[in-house]
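Kindly produce the complete structure, drawing on both the sequences and the hints.
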Amino acid sequence: MTTLGKYTCGLDAAMAVVDGKWKPLILWELQEGPKRFNVLHRSLTGISQKMLTQHLKEMQRHGVVHRESYHEVPPRVEYSMTPAGVELLEALEPLGDWATKHIDQICAAEGAELTAVLCQP
75 MTTLGKYTCG LDAAMAVVDG KWKPLILWEL QEGPKRFNVL HRSLTGISQK MLTQHLKEMQ
135 RHGVVHRESY HEVPPRVEYS MTPAGVELLE ALEPLGDWAT KHIDQICAAE GAELTAVLCQ
195 P
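Be aware that the sequence shown starts at 75, since it is given in my numbering, and climbs by one per residue.
By construction, these hints were calculated from the structure, which means they are not laboratory data.
Hints are supplied without guarantee of correctness; some may be wrong.
[Unchecked claim] Label-pair ranges, simulated between beta-carbon atoms:
# : residue 1 : residue 2 : range
1 : GLY185    : ALA158    : 23 to 31 Å
2 : SER154    : ILE180    : 28 to 36 Å
3 : ILE180    : ARG110    : 14 to 22 Å
4 : ALA90     : GLU164    : 16 to 24 Å
5 : ILE180    : GLN105    : 33 to 41 Å
6 : THR156    : LYS124    : 18 to 26 Å
[What the hints assert, rightly or not] Straight line, CA to CA, 16 Å or less: simulated EDC-like cross-link-like pairs of lysine to aspartate or glutamate:
#  : residue 1 : residue 2
7  : LYS95     : GLU152
8  : LYS97     : GLU164
9  : LYS131    : GLU152
10 : LYS97     : GLU132
11 : LYS131    : GLU164
12 : LYS97     : GLU167
13 : LYS109    : ASP86
14 : LYS97     : GLU161
15 : LYS131    : GLU142
16 : LYS109    : GLU167
Beta carbons are placed, not taken as given, at the ideal position from N, Cα and C, and that holds for glycine.
Shown next as structure tokens:
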């Protein structure tokens, strides 16, 4: 029998790994292969460097992101998905498909002002 520790179910544990706005987007950006911190930061419009650093550390602890340090001058660090990260992104893709299918409802719930800004065709 599998013990879930502090989690009530597998979904609870999975949501702890991808909690927040940025973690699924970080995985999405890493699907094309390893990226350096600044490249990743530029591709995630609106995230602070502090928040990106924090999320990357948490994702490393959860085993979905790998950090590779190269002993070069200047130092180089790249982030990539682990096999578990690839599997997690594959599990999230149906959620994205669902959101695409129901985007009108989602945007309507956000209110008229946000609909005009975020949900333009």
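The hints, checked one at a time:
{"no.": "1", "hint": "GLY185 / ALA158: 23 to 31 Å", "result": "violated, 37 Å"}
{"no.": "2", "hint": "SER154 / ILE180: 28 to 36 Å", "result": "holds, 31 Å"}
{"no.": "3", "hint": "ILE180 / ARG110: 14 to 22 Å", "result": "violated, 33 Å"}
{"no.": "4", "hint": "ALA90 / GLU164: 16 to 24 Å", "result": "holds, 18 Å"}
{"no.": "5", "hint": "ILE180 / GLN105: 33 to 41 Å", "result": "violated, 23 Å"}
{"no.": "6", "hint": "THR156 / LYS124: 18 to 26 Å", "result": "holds, 23 Å"}
{"no.": "7", "hint": "LYS95 / GLU152", "result": "violated, 22 Å"}
{"no.": "8", "hint": "LYS97 / GLU164", "result": "holds, 14 Å"}
{"no.": "9", "hint": "LYS131 / GLU152", "result": "holds, 13 Å"}
{"no.": "10", "hint": "LYS97 / GLU132", "result": "holds, 9 Å"}
{"no.": "11", "hint": "LYS131 / GLU164", "result": "violated, 21 Å"}
{"no.": "12", "hint": "LYS97 / GLU167", "result": "holds, 14 Å"}
{"no.": "13", "hint": "LYS109 / ASP86", "result": "violated, 29 Å"}
{"no.": "14", "hint": "LYS97 / GLU161", "result": "holds, 14 Å"}
{"no.": "15", "hint": "LYS131 / GLU142", "result": "holds, 12 Å"}
{"no.": "16", "hint": "LYS109 / GLU167", "result": "violated, 21 Å"}
In summary, the structure is inconsistent with hints 1, 3, 5, 7, 11, 13 and 16 from the numbered list given earlier, while agreeing with the others.
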